[in-house]
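Colleague: Protein chains in written order, with my numbering: chain A, 1 to 164; chain B, 1 to 104.
Just so you know, the hints here were simulated from the structure itself, not pulled from any lab data.
Be aware that a few hints might be false.
[What the hints assert, rightly or not] As a list, the in silico SDA-like pairs of lysine to any residue whose alpha-carbon atoms are at most 25 angstroms apart:
| hint | chain 1 | residue 1 | chain 2 | residue 2 |
| --- | --- | --- | --- | --- |
| 1 | B | 103 | A | 2 |
| 2 | B | 103 | A | 75 |
| 3 | A | 115 | B | 54 |
| 4 | B | 91 | A | 48 |
| 5 | A | 115 | B | 53 |
| 6 | A | 115 | B | 93 |
| 7 | B | 103 | A | 90 |
| 8 | B | 91 | A | 92 |
| 9 | B | 91 | A | 159 |
| 10 | B | 91 | A | 72 |
| 11 | B | 91 | A | 76 |
| 12 | B | 91 | B | 69 |
| 13 | A | 115 | B | 79 |
| 14 | A | 115 | A | 47 |
| 15 | B | 103 | B | 93 |
| 16 | A | 115 | A | 26 |
| 17 | A | 115 | B | 55 |
| 18 | B | 91 | B | 22 |
| 19 | B | 103 | A | 156 |
| 20 | A | 115 | B | 76 |
| 21 | A | 115 | B | 41 |
| 22 | B | 103 | A | 103 |
| 23 | B | 91 | A | 90 |
| 24 | A | 115 | A | 103 |
| 25 | A | 115 | A | 3 |
| 26 | B | 91 | A | 103 |
| 27 | B | 91 | A | 152 |
| 28 | B | 91 | A | 88 |
| 29 | B | 91 | B | 76 |
| 30 | B | 91 | A | 157 |
| 31 | B | 91 | A | 47 |
| 32 | A | 115 | A | 48 |
| 33 | B | 91 | A | 3 |
| 34 | A | 115 | A | 16 |
| 35 | A | 115 | B | 4 |
| 36 | B | 103 | A | 95 |
| 37 | B | 91 | A | 89 |
| 38 | B | 91 | A | 75 |
What follows is the residue order along each chain.
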Amino acid sequence: MSLSLVLFYILGALCLLSALFVVTTRNIVYAALGLLVTLMSVAGLFLLVFAQFLLLVQILIYGGAIIIVVMFAIMLTKMADYQTKASVRQWPLALVAAAAIFAVLAAALLMGVPKTDNAVAVGFQELGTSLFTEWAVPFEVASLVLLVALIGAIVLARENGGKD
Amino acid sequence: MHLIHFQILAAALFAIGLYGVLARRSAVLVLLSIEIMLNAVNLNLIGFAAFANFTETQRALGQVLVVFIITVAAAEVGLALAIILRLFRNKSTVNVDEVDLMKW
């Protein structure tokens, strides 16, 4: 078994276990911290297939920004609600739905995905060239979407709902 | 390590996220589960970009798509948390079961 496969299993197990912890724990702060572990192990998996740029983006945006924002939201809403009733009544149905979709996806993948060679890296240069030539317009639109969404968030979260 | 490993892991992560979206009460936890699902999709795209028999441009496209998904996820989290905050101020709850104002 190669070193990359061992690392893959370690990171994959960490990823799945922490994701399971996120969706089952009663304490919402622990859930946010568990999500951080999930996202960072996904970042590790990115590095395993030589996606260095996305590793940096994942750590900066998820680890640095999104978790902090989630923490603020948890801080500003009431904690007591989460302790007693974590899941809805129909959680067994949800479990069946999740298991079914995993079964369908896994069966399709096991039948359809061919054996492949080792991972090939996409360099910073190719990614940058692609992003700023072929995908320049969508890239600018994405930045506009981000701007509009964040202004919308500020307006929504204001004390008087945007009315003076 | 092959493509299939990545794809199975992504499928499992997606299923876990789906369970979280369907089963959790707190709107914040539903949002965290959506993040897990988006990351499963990212993992899938990165797996294809790295392993599949593509040209250089097509490989770069896989990563470009992931960059876009991360951007949209960031916008979504900001906006959704602002909505949750407003919901909490107006209704004093973030339990998704109790928020049925727009239910038919």
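Colleague: Does the alpha-carbon distance linking residue 103 of chain B and residue 2 of chain A stay inside the 25 angstroms limit?
Modeller: 53 angstroms, violated
Colleague: Between residue 115 of chain A and residue 103 of chain A, does the CA-CA distance stay at or below 25 angstroms?
Modeller: Between residue 115 of chain A and residue 103 of chain A the Cα gap is close to 20 angstroms, so the pair holds against 25 angstroms.
Colleague: Check whether the Cα positions of residue 91 of chain B and residue 103 of chain A lie no farther apart than 25 angstroms.
Modeller: 39 angstroms, violated
Colleague: Holds or violated: residue 91 of chain B and residue 76 of chain B, Cα atoms, limit 25 angstroms.
Modeller: 22 angstroms, holds
Colleague: Going straight from one Cα to the other, do residue 103 of chain B and residue 75 of chain A come out at no more than 25 angstroms?
Modeller: Not OK: residue 103 of chain B and residue 75 of chain A at ~28 angstroms, beyond 25 angstroms, violated.
Colleague: Given the hint that residue 103 of chain B pairs with residue 156 of chain A, test it: the Cα-Cα distance must not exceed 25 angstroms.
Modeller: 22 angstroms, holds
Colleague: Check whether the Cα positions of residue 91 of chain B and residue 157 of chain A lie no farther apart than 25 angstroms.
Modeller: Given pair residue 91 of chain B, residue 157 of chain A holds - Cα atoms ~14 angstroms apart, limit 25 angstroms.
Colleague: So if I understand the rule, the pair passes when the alpha-carbon distance is 25 angstroms or less; does residue 115 of chain A with residue 79 of chain B pass?
Modeller: With a Cα-Cα distance of about 41 angstroms, the restraint between residue 115 of chain A and residue 79 of chain B is violated, given a limit of 25 angstroms.
Colleague: For the pair supplied as a hint, residue 103 of chain B and residue 95 of chain A, is the alpha-carbon distance within the 25 angstroms limit?
Modeller: OK: residue 103 of chain B and residue 95 of chain A at ~24 angstroms, within 25 angstroms.
Colleague: Holds or violated: residue 91 of chain B and residue 75 of chain A, Cα atoms, limit 25 angstroms.
Modeller: 17 angstroms, holds
Colleague: Does residue 115 of chain A pair with residue 93 of chain B here, judged by a C-alpha cut-off of 25 angstroms?
Modeller: 50 angstroms, violated
Colleague: Going straight from one Cα to the other, do residue 91 of chain B and residue 48 of chain A come out at no more than 25 angstroms?
Modeller: 45 angstroms, violated
Going through the hint list in order, the structure does not satisfy hints 1, 2, 4, 6, 8, 12, 13, 16, 20, 22, 26, 31, 33.
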